[in-house]
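Chains Y, S and A: place on chain Z using the hints.
Those protein sequences? They're chains Z, Y, S and A, same order as listed. Under our numbering, the residues of the first sequence are numbered 1 to 334, in order. Under our numbering, the residues of the second sequence are numbered 1 to 334, in order. Under our numbering, the residues of the third sequence are numbered 1 to 257, in order. Under our numbering, the residues of the fourth sequence are numbered 1 to 257, in order.
Don't read these hints as lab results, they were simulated from the structure.
Each computed EDC-like pair below joins lysine to aspartate or glutamate, with the alpha-carbon atoms no more than 16 Å apart:
(1) Lys172(Y) / Asp157(S)
(2) Lys172(Z) / Asp157(A)
(3) Lys172(Z) / Glu119(A)
(4) Lys184(S) / Glu16(S)
(5) Lys122(S) / Asp135(Y)
(6) Lys172(Y) / Asp116(S)
(7) Lys184(S) / Asp195(S)
If you want a taste of the chain Y side facing chain A, the calculated C-beta under 7 Å gives, among others:
(8) Asp21
(9) Arg28
(10) Gly156
Backbone N, C-alpha and C fix where the C-beta goes; we use that ideal spot for every residue, glycine too.
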Amino acid sequence: MTKSNVLQEGVGPLLTSVDCDAARAYFRTQPKEMVDKVMPVSEAVSRFVVDGDYLASGGFGGDRIATAVLHEIVRQKKQHLGIAGHTTTHDFQILCSGNLTGRGQLLDRVDAAYIVGLEARGLSPHARRVMQSGDVRVCEWSNYTLALRFQAAAMGVPYLPARSMLGTDTFKRSAAKQISCPFTGAPLAAIPALWPDVAVIHVHASDEFGNCRIRGTSVADWHVARAAKKVIITCEQLISNAEIRSDPTSTTIPFFCVDAVCLVPGGSFPGNMPYEYFSDEMHLQAWLQAETDATAHATFLEKYLFGTKDFSEYLEICGGEDRISELRKEELIV
Amino acid sequence: MTKSNVLQEGVGPLLTSVDCDAARAYFRTQPKEMVDKVMPVSEAVSRFVVDGDYLASGGFGGDRIATAVLHEIVRQKKQHLGIAGHTTTHDFQILCSGNLTGRGQLLDRVDAAYIVGLEARGLSPHARRVMQSGDVRVCEWSNYTLALRFQAAAMGVPYLPARSMLGTDTFKRSAAKQISCPFTGAPLAAIPALWPDVAVIHVHASDEFGNCRIRGTSVADWHVARAAKKVIITCEQLISNAEIRSDPTSTTIPFFCVDAVCLVPGGSFPGNMPYEYFSDEMHLQAWLQAETDATAHATFLEKYLFGTKDFSEYLEICGGEDRISELRKEELIV
Amino acid sequence: MADFSPIELMICAASEMLDDGAMVVVGTGAPCAAAMLAQKTSAPNLTLMFEAGGVGPLLPRMPISVGDSRTFYQGLMATSMADVMETCQRGLVDYTFLGGAQIDMYGNLNSTLIGDNYEQPKVRFPGSGGANDLGSLCWRVLVITPHDRRRFNERLDFITTPGYLDGPGARERAGLPPGSGPYKVITNMAVMGFDEESKRMQVESLHPGVTFSEVQENTGFELLVRAPLETTAAPDEAMLRILREEVDPHRYILGRG
Amino acid sequence: MADFSPIELMICAASEMLDDGAMVVVGTGAPCAAAMLAQKTSAPNLTLMFEAGGVGPLLPRMPISVGDSRTFYQGLMATSMADVMETCQRGLVDYTFLGGAQIDMYGNLNSTLIGDNYEQPKVRFPGSGGANDLGSLCWRVLVITPHDRRRFNERLDFITTPGYLDGPGARERAGLPPGSGPYKVITNMAVMGFDEESKRMQVESLHPGVTFSEVQENTGFELLVRAPLETTAAPDEAMLRILREEVDPHRYILGRG
Numbered sequence: 001m002t003k004s005n006v007l008q009e010g011v012g013p014l015l016t017s018v019d020c021d022a023a024r025a026y027f028r029t030q031p032k033e034m035v036d037k038v039m040p041v042s043e044a045v046s047r048f049v050v051d052g053d054y055l056a057s058g059g060f061g062g063d064r065i066a067t068a069v070l071h072e073i074v075r076q077k078k079q080h081l082g083i084a085g086h087t088t089t090h091d092f093q094i095l096c097s098g099n100l101t102g103r104g105q106l107l108d109r110v111d112a113a114y115i116v117g118l119e120a121r122g123l124s125p126h127a128r129r130v131m132q133s134g135d136v137r138v139c140e141w142s143n144y145t146l147a148l149r150f151q152a153a154a155m156g157v158p159y160l161p162a163r164s165m166l167g168t169d170t171f172k173r174s175a176a177k178q179i180s181c182p183f184t185g186a187p188l189a190a191i192p193a194l195w196p197d198v199a200v201i202h203v204h205a206s207d208e209f210g211n212c213r214i215r216g217t218s219v220a221d222w223h224v225a226r227a228a229k230k231v232i233i234t235c236e237q238l239i240s241n242a243e244i245r246s247d248p249t250s251t252t253i254p255f256f257c258v259d260a261v262c263l264v265p266g267g268s269f270p271g272n273m274p275y276e277y278f279s280d281e282m283h284l285q286a287w288l289q290a291e292t293d294a295t296a297h298a299t300f301l302e303k304y305l306f307g308t309k310d311f312s313e314y315l316e317i318c319g320g321e322d323r324i325s326e327l328r329k330e331e332l333i334v
Numbered sequence: 001m002t003k004s005n006v007l008q009e010g011v012g013p014l015l016t017s018v019d020c021d022a023a024r025a026y027f028r029t030q031p032k033e034m035v036d037k038v039m040p041v042s043e044a045v046s047r048f049v050v051d052g053d054y055l056a057s058g059g060f061g062g063d064r065i066a067t068a069v070l071h072e073i074v075r076q077k078k079q080h081l082g083i084a085g086h087t088t089t090h091d092f093q094i095l096c097s098g099n100l101t102g103r104g105q106l107l108d109r110v111d112a113a114y115i116v117g118l119e120a121r122g123l124s125p126h127a128r129r130v131m132q133s134g135d136v137r138v139c140e141w142s143n144y145t146l147a148l149r150f151q152a153a154a155m156g157v158p159y160l161p162a163r164s165m166l167g168t169d170t171f172k173r174s175a176a177k178q179i180s181c182p183f184t185g186a187p188l189a190a191i192p193a194l195w196p197d198v199a200v201i202h203v204h205a206s207d208e209f210g211n212c213r214i215r216g217t218s219v220a221d222w223h224v225a226r227a228a229k230k231v232i233i234t235c236e237q238l239i240s241n242a243e244i245r246s247d248p249t250s251t252t253i254p255f256f257c258v259d260a261v262c263l264v265p266g267g268s269f270p271g272n273m274p275y276e277y278f279s280d281e282m283h284l285q286a287w288l289q290a291e292t293d294a295t296a297h298a299t300f301l302e303k304y305l306f307g308t309k310d311f312s313e314y315l316e317i318c319g320g321e322d323r324i325s326e327l328r329k330e331e332l333i334v
Numbered sequence: 001m002a003d004f005s006p007i008e009l010m011i012c013a014a015s016e017m018l019d020d021g022a023m024v025v026v027g028t029g030a031p032c033a034a035a036m037l038a039q040k041t042s043a044p045n046l047t048l049m050f051e052a053g054g055v056g057p058l059l060p061r062m063p064i065s066v067g068d069s070r071t072f073y074q075g076l077m078a079t080s081m082a083d084v085m086e087t088c089q090r091g092l093v094d095y096t097f098l099g100g101a102q103i104d105m106y107g108n109l110n111s112t113l114i115g116d117n118y119e120q121p122k123v124r125f126p127g128s129g130g131a132n133d134l135g136s137l138c139w140r141v142l143v144i145t146p147h148d149r150r151r152f153n154e155r156l157d158f159i160t161t162p163g164y165l166d167g168p169g170a171r172e173r174a175g176l177p178p179g180s181g182p183y184k185v186i187t188n189m190a191v192m193g194f195d196e197e198s199k200r201m202q203v204e205s206l207h208p209g210v211t212f213s214e215v216q217e218n219t220g221f222e223l224l225v226r227a228p229l230e231t232t233a234a235p236d237e238a239m240l241r242i243l244r245e246e247v248d249p250h251r252y253i254l255g256r257g
Numbered sequence: 001m002a003d004f005s006p007i008e009l010m011i012c013a014a015s016e017m018l019d020d021g022a023m024v025v026v027g028t029g030a031p032c033a034a035a036m037l038a039q040k041t042s043a044p045n046l047t048l049m050f051e052a053g054g055v056g057p058l059l060p061r062m063p064i065s066v067g068d069s070r071t072f073y074q075g076l077m078a079t080s081m082a083d084v085m086e087t088c089q090r091g092l093v094d095y096t097f098l099g100g101a102q103i104d105m106y107g108n109l110n111s112t113l114i115g116d117n118y119e120q121p122k123v124r125f126p127g128s129g130g131a132n133d134l135g136s137l138c139w140r141v142l143v144i145t146p147h148d149r150r151r152f153n154e155r156l157d158f159i160t161t162p163g164y165l166d167g168p169g170a171r172e173r174a175g176l177p178p179g180s181g182p183y184k185v186i187t188n189m190a191v192m193g194f195d196e197e198s199k200r201m202q203v204e205s206l207h208p209g210v211t212f213s214e215v216q217e218n219t220g221f222e223l224l225v226r227a228p229l230e231t232t233a234a235p236d237e238a239m240l241r242i243l244r245e246e247v248d249p250h251r252y253i254l255g256r257g
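Chain Z on its own, in the form it takes in the complex (with noise of 0.2 Å):
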């Protein structure tokens, strides 16, 4: 079969299948009846997260992640998982915790859009390890271009067509391909589809179905959620289907898209949560000193994430429900 419309192309790893039929097959047998999907956080990580998975983390980096399936990822020892760095800050930091710090190699793969930088709030020295070690295979791409990536995959298309990237070393160091349009010609950058393996995904409210609320930007969660093969939620709040039935406007995400419902309060800590709560900057400023310091690491890690059983006892010693409520004021002020 002829691909003479590649003009040129990136030199980086696809580090998954763009096969579509592939996909459809995987879809066409995955359980499709709407049945209680309620667990614990432990055993969704356990049932649904596989030693050399491809992760795709909801959110933005450090607004409404699933922490408490990221913690338990890194807690469970998951080893050699690839990640969509899609503005990947606190959440690409926790995953990190896995990689040199003497737990084998929980990272090993990487597309990269925005990755070891939280923002306004600095870079994390310990993922700048991890991705100066080069341990790390990457591949480089865009905010939006890896956003399109999900919603090829998404849309069960093997590319979709944009203007970003062309003519730099991120297009250069990327998957992607210049292609000419069919109609007018022109050069488009061809953007392969991306269907991870499991994605982790915080929200406002689900049913135990999956049925899925989410208040405020969607950022790419739209898309990942339709894209991923098992997908992972952690909520606010549990609700009806009925209430679900009430609205069904606000449904963003569908159940026949879901694998795990897991119960989690809090569950975006010490990310911001919109109309919740918001981000903690002094445990966020905590993690990022404690970097600077082999030893300093070590403990910080082991006190709050190793050393404790589940996302609730790291919630309790980090200030627990006292913490969030000041956290909600923060959120709330005008």
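Structure of chains Y, S and A alone, referenced to chain Z:
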């Protein structure tokens, strides 16, 4: 520039330009201030619908349609319009009232996915006469690919790939092209972007600037509103900007896409408006029945359309608020 | 044996083809009745979707339009046409129901026009609507249609929606998803499937009292026969009662059949 | 003349470049302050957008993340990253603000890495984020950055985000939208634009008290000069008061400058 990738192409006419640079240049110069855009339907149509324009009609044929604008386009005897027929039913039938009725030629080109029919209600004899006359240029599409054309335009790219239409006469009579995937080599349909000159969309609520909310299915309107060069909104309700700001997640169409906002309660009549009123099946049947006979049709159109000065007069002779009240009950019945 | 009309038999036969836990995009009329009946009998976990964006409604009444508010009444999600179609394209949707003015031996469908001049057709029909998309992208296509020679045609005036096109491998060569295509055709005379090898239409069961030659006489192309040729199972009283009393009490569909 | 800090001057200069009625995608920090200041002074009808999906917020405080809830606090719309980026790609967005570890004479930006071994970089930065998209798709790119030779580089270690690439016509040849590209670079020393013909960076105005040779000394490539070379307008008291009291009363940004 090379277009060597094209394996096959439809022979249908491309009724609009696929030049995304020209569309960019247009959108750049459009005013984007938040100004009061509330005006009567007659003013919106006379200002924003120009002879020769290509229209997109929001909603789904007989569901959430901008009846008042469609009537006014016919009343103002606009000529030589194009229309995107992605399940156009009663809306298409209304526009056909400007063809073969001694008032020149309102429609002269159609991108057809679903035209001349009214779903379970049967076919429109007059719309069929128009489409069988040979006076109207036609290009075939499917509902999804026509929706995808709006999506491509909304995204600002000249085409999007799909796995639909391939192998059929629908493809042959379309303006799509068959290309090979730059990643897998597999055949795909390339669906060209469509930027309508004007879109007419009925929504539940808008503020004076054109920030709109839609409840229920959005059909293709999210993309139609973003693709169109000019957008005329009719709404059941005008709400304050403060109300819009109280729940930004509910905004479907932002003000910068919108040119005119017209308050038209009952504005989807005789179509269905979700959560408001059901379709008036008696009136729709009467319309279909009238079309079976030329004289009866002329009389019917004179009474309901040409002889009325605006939508509220039309609604009045159809039974006015009493009829809407009945249809409200019908909508809410379990 | 219970007493039933041809349309009742067609709806009951179609409903039994829908697996529990499957997803199906339905239209108005008989397909919708078949899906509702399946939900109330053998497939309580069947998820209904409508092409304009309605997902998982608790249907209070038959929709009149596949975009009307009944298609998402107490639904799980009210979304866009593209979301529904892309769910099909992604490979999640098991079944869809389609119809048309003409069907050929490969299950290709015509709902666009009659005549040989495209520019000035003898009869213009609505066109594809969502049919081409659903027939391209869902795994299995079901057709419920009256059986006569005018419809069951050797050669379509226009292929609106792909069946198996011109035979084995043609869908895949065109770029349509492998493993998808026409599944069953249910008429007032028989149930037909498609031969695995030739992709041609074959009779699988005759309705009670109908002979094969009657079916062949009403078909404009040569039908294959699957051995053993069976008799379509008659619906039982319980199923008919649910169809008549719960699915279509106002006889919107049953009244026409 | 009013007393002001370099960061105050940079923010005020940037704010005056934003037309009323324009749309701008902003990040956190100084760009956000400049946009807020413009809204409160010369451009009340400026629409702010944030790449994670926030549109038209009434910003109560500076966002810490371009995805945090402040970016759509009392906003006009809370949408997706794709919607914002596609609004840029469609041609509606006039301005964006970008930064980076390195910038060259064509306004290309590096925010990916330092070093010559991609697999094992000396320093790994976050990468493009939305920068490449915004720099490709918005009409005009503004850069607010400290001025030193380490940043203003002859040759970037990595072109993360396109400026004018390698000169006139290069953006268009690559497929980037015609007529788009770097617009102004605002530093603690000067305001620079880009020469229409050569697409090279040129000094347009020097900040009060700064000489051209000081600017050139702190720049790793040859700067052009637009004639007549002007002095950057000093912000007036009213503007400074609004910046200090209304835009950044907690000195989140001003405190760093």
